[in-house]
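Novice: With the hints as constraints, model all of the structure from the sequences given.
Heads up: the protein sequence lines correspond to chains H and E, in order. Take the first sequence: its position 177, counting from 1, is numbered 178 in our numbering, and each next residue is one higher. Take the second sequence: its position 12, counting from 1, is numbered 358 in our numbering, and each next residue is one higher.
Be careful, since some hints might not be right.
[What the hints assert, rightly or not] Quick list of simulated restraints, FRET-style, between CB atoms:
1. E:716 <-> H:13: 26 to 36 angstroms
2. E:792 <-> H:178: 56 to 66 angstroms
3. H:28 <-> E:628: 52 to 62 angstroms
4. E:1032 <-> H:120: 32 to 42 angstroms
[To be verified] Pairs of lysine-lysine residues, derived as DSBU-like cross-links and limited to a Cα-Cα distance of at most 30 angstroms, are as follows:
5. H:28 <-> E:993
6. E:620 <-> E:1009
7. E:620 <-> H:129
8. E:993 <-> H:142
9. H:183 <-> E:993
10. H:142 <-> E:1009
11. E:1009 <-> H:166
12. H:142 <-> E:620
13. H:129 <-> E:1009
Hints were generated in silico from the structure; no laboratory data involved. Don't be surprised by glycine CBs; every beta carbon is placed ideally from N, CA and C.
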Amino acid sequence: MTTKADAQDIIICHDVHKWYGDFQALKGFSLTVKAGEVIVIIGPSGSGKSTFIRTINRLEEHQQGEIIVDGILLSHDVRNIAEIRREVGMVFQQFNLFPHLTVLENVTLAPIHVRKWSRERAEETAMKWLNRVGIPEQANKYPGQLSGGQQQRVAIARTLAMEPKILLFDEPTSALDPEMIKEVLDVMRDLAQAGYTILAVTHEMGFAREVADRVIFMASGEIVEQNTPQNFFANPKEDRTRQFLSQILHH
Amino acid sequence: MNERSSPLNLLRSVDWNRFVAEHITKSGLLTVWLVLLTAFTVNFIVGRLAAAPLTTFIVLIIWTVTVSLTVLSEVRHKHSPLTWWLRNNLYNSITNILITVVLVLGILSVIFGLYRYAWETASFSRIPDTERRADSPQQIGDEFCFNVGGINAAVSRTDIVNGEQQCFLLTSQSTDVNPDIIGREPVRVCFDELPDDPENGESCFENRTDDPEFFVVTNQFEGANWGGVAANMTTMMVFRYNRDELWRVYASLVLVVILLIPSQFVYRDSFPDKRLRHLVTVLWFLSPILIFILLRGVRPPPFPTDSASSVVRGLLAELFTWEATRLGNNLVNTLLFIGGAVLAVWLNQRVYQHIEVSKQTSLGWQILRLTTDFLMVVVVVLALRRFVLMLLPLFRANFNLLALVLFILFALGWWLWNRRFPYVEGESGWSATVRTVLRVGFIIFGVMLAYTVVTLLGYVLGSLSRTVDGVSRPLLGYVDPSVNWGGFLLTIIITVFALVVSFPLGLVLALGRRSQIHGIPAWLTYGVALIIMAWGLITLTPDGLAAARNSTERILAYWPIAVPILAYFFQRSFNGNVVAAFSTLYIEFIRGIPLIAVLFLTITLFPILLPPGVEILNTWRVLWGFALFSAAYLAENVRGGLQAIPKGQYEAADSLGLNTFDKYRLIILPQAIRIVIPALVGQFIGLFKDTTLVAIVGLLDILGVANAISAQPQWLGVRREAYLFLAALYFVGSAIMVAYSRRLEQRMGLGER
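Specialist: In structure tokens:
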């Protein structure tokens, strides 16, 4: 853990505000993430967790404050946004695979067209990642022919094929059947140990306890509490955290 | 057991009250409907029995048997596959049983009627009645032979001998006559039998009073007279296309067919050779140009083309046309311009580099950036123009050679610069400036050179000639489209042109309407609108008021007040987004007016907008009218497809770092277009049929030609046949489109989720 503490700051958010019309989704959010850190964000629905991690790669635009990813300021400048998106991979709740392309084409698409790799190199890398997530044999199928868990693993491989420095997980297991959650969590655990910087919004408390370096509890667009998983789950400081934990842990 | 299955018991086991209640007395309306339907059915059957006893009788027998079988099976609660199908589809209620027999009889009567009209009793002779003349009949043994202007008919001994007007048996289907010689030279036909029943014969020879040797044959038939359609077939297909140049139409057809055949298998995933696929794709993209050159031809070159050497000499002369010019341009002046351009490019890059990233969102920065961009483009273009003008005298006003030399210079320069200073990301300073200048020059002079090459190629094509009947004529001579393009050829040209042009246009409009770009800020819109209003009120309104003759004109003189109102709606509806505003207004405007109006506009209004002396053929205007009209509808169809794509697809593409162009090209449009294929095909079929509307602006498509047939004296009133043929033709065309779209859907639906 000492290496992580010494690592440089890879994401710096300072006083980030975001409004949807009159509704304020993020209220002065500040967070610094070090390279290689694994952060799990939890909180009740509507607390702005997804909104927050989506502002990091500009799927949502913040209206005030500063976000610096890997030394690049996130602004209206299209080149900056493109550069950040190359370094930040995202895995979605609904997988969002491209249904008209095969699994292999899904995975090689971005390396070929964004990183400008040759098809051979992209396919080689794609197979490597498909192997890593355990479904190399499905490479030539279409996403519609796979199960939910397999689709999510393809989505992870697609993200990893771009060789990003930062991985964002937006409730990656919420749309899955219980028996498929494990296969996706295994992959995520593997990645956490491989040294990626990970920001994950999830309801999997087991995953948080096991691999997170830091757990952040959000409510109403603000960080209510953040701590190491041991301290966070053992003795939460805030009332709202306790209330939330009691709700999700005792049912 | 035995007792239970007896028919009487079976009938007894039926709940008759329920049956009657369900099928007859459920409601008063049903009862009335059933009574009416029964009466109608009985009436219809009686009518058909009188008209076609045999078929009607057979249908009735089959109907009775299957109904009884079905009823029996229903009562026994045990169906065979056949009766189960009949019960579910044809006989599941009393009304359906009646409707079934009426429909079957109706369909049969239509089929038989059409068959009788279009085939059995129809005439296929291309020679109009008045032209058929029997010539020099003679008797050879028992045979009677005569020459006839294109039809074969039987004749009896007495009639020929007496020369009286008599009716004879029509045998036009019994002897084959080569259709090509019909009407051109007499055919000698012999018969060895007398007609059995002259009373029911269908042909007549009528003695021509002026020449007793000639008999006019009148063909009496009840059915269709296909002769008019057959005789005018070429006219319907290509109308007045120069008959000597018809090979070009065939060549175009052959080209399309040749391309269609490999397309059937080259585009499959399993096809191994990618080069062949690229070749076919390139040929497809080139085919419109080739077909255009074939169908319209090229204008002859401005030099003699009597031999190959003369052509080469002419081309060289064209390429090296010297003009006595003087060095009119000031060198210092030009150098100043060029220096200014380089400075502008450099400045522009400095601006990009030296504004802090965090401040790049500010409006001031945006304005500064746009201003320097604009300034740079203007200065660079001016400098290039100056540059060309300065060099033109050196080349003694030879534009072609200048383009060639400059293109080579800039291409070489760009290549060398790239080798010496390879491109690095985020580069700045002189290296980038020079690179930009070289690239711009490379592109501009490349376009100039391409223009020269195309012109020269046109001359080469125009110099080709062929010899017909000892006379040399240009191979691809100019064929005036406004005269030559007509008939089905015009229909196809309009459809294909509109399809090809409107597709990209519609895509752009659809994307434009959905565009989310940051618009013009409200204060700017309102500010400009207010300034325009003030300017208008001060300068124009007083004049308008002075000239006003009535109160309406007085009110109209205050028109500048409308400008801020328009600005308000612009901001309110589109948030200052000019792209979306233009697309939406265009689409809604076009959709708001009928196609006929668009055609009239292109014919009557459009010439007003052109500078004097410039004229554009009616044909081009109509083609563009169709394409622009079609684009608006296509845009709305595609927009529907775009809206059906889940937001997640956009987000996934964004999060992978794809740029907007790739995002739409690779992810969104393939899916969106697959969704809207049925709608697009529907639209294209509609377009195919709407082409008939060109008739109202004076172009003759196939419908126009068909109408013209019935106006020919020899085919007076042959109208129905032409329309039937047209309907069949359109049906086949639409069916081909539908079949293709289904295949396309199947192929693209491979990854259906």
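Novice: Evaluate each hint against the coordinates.
Specialist: Structure-based check of all given hints:
With their beta carbons about 31 angstroms apart, residue 716 (chain E) and residue 13 (chain H) fall inside the hinted range of 26 to 36 angstroms. Distance hint check: the CB atoms of residue 792 (chain E) and residue 178 (chain H) are about 58 angstroms apart, consistent with the given range 56 to 66 angstroms. Take residue 28 (chain H) and residue 628 (chain E): their Cβ atoms lie about 57 angstroms apart, and the range 52 to 62 angstroms holds. Taking 32 to 42 angstroms as the suggested C-beta distance range, the pair residue 1032 (chain E) and residue 120 (chain H) conforms, at roughly 41 angstroms.
About 25 angstroms separates the Cα atoms of residue 28 (chain H) and residue 993 (chain E), which keeps this hinted pair within 30 angstroms; it holds. Of the supplied pair hints, the one linking residue 620 (chain E) and residue 1009 (chain E) holds, its CA atoms being roughly 24 angstroms apart against a limit of 30 angstroms. Of the pairs offered as hints, the one joining residue 620 (chain E) and residue 129 (chain H) holds, with about 26 angstroms between alpha carbons and a cut-off of 30 angstroms not exceeded. For a cut-off of 30 angstroms, the pair hint linking residue 993 (chain E) to residue 142 (chain H) stands: about 23 angstroms separates their Cα positions.
For the suggested pair residue 183 (chain H) and residue 993 (chain E), the alpha carbons sit about 27 angstroms apart, so the restraint of at most 30 angstroms is met. Among the hinted pairs, residue 142 (chain H) with residue 1009 (chain E) is consistent with the structure: their alpha-carbon atoms are about 22 angstroms apart, no more than 30 angstroms. With a C-alpha separation of about 22 angstroms, the suggested pair residue 1009 (chain E) and residue 166 (chain H) falls inside the 30 angstroms cut-off, and the hint holds. The suggested pairing of residue 142 (chain H) with residue 620 (chain E) holds, with an alpha-carbon distance near 22 angstroms, which does not exceed 30 angstroms.
Among the hinted pairs, residue 129 (chain H) with residue 1009 (chain E) is consistent with the structure: their alpha-carbon atoms are about 25 angstroms apart, no more than 30 angstroms.
Hint compliance for this structure: every hint is met.
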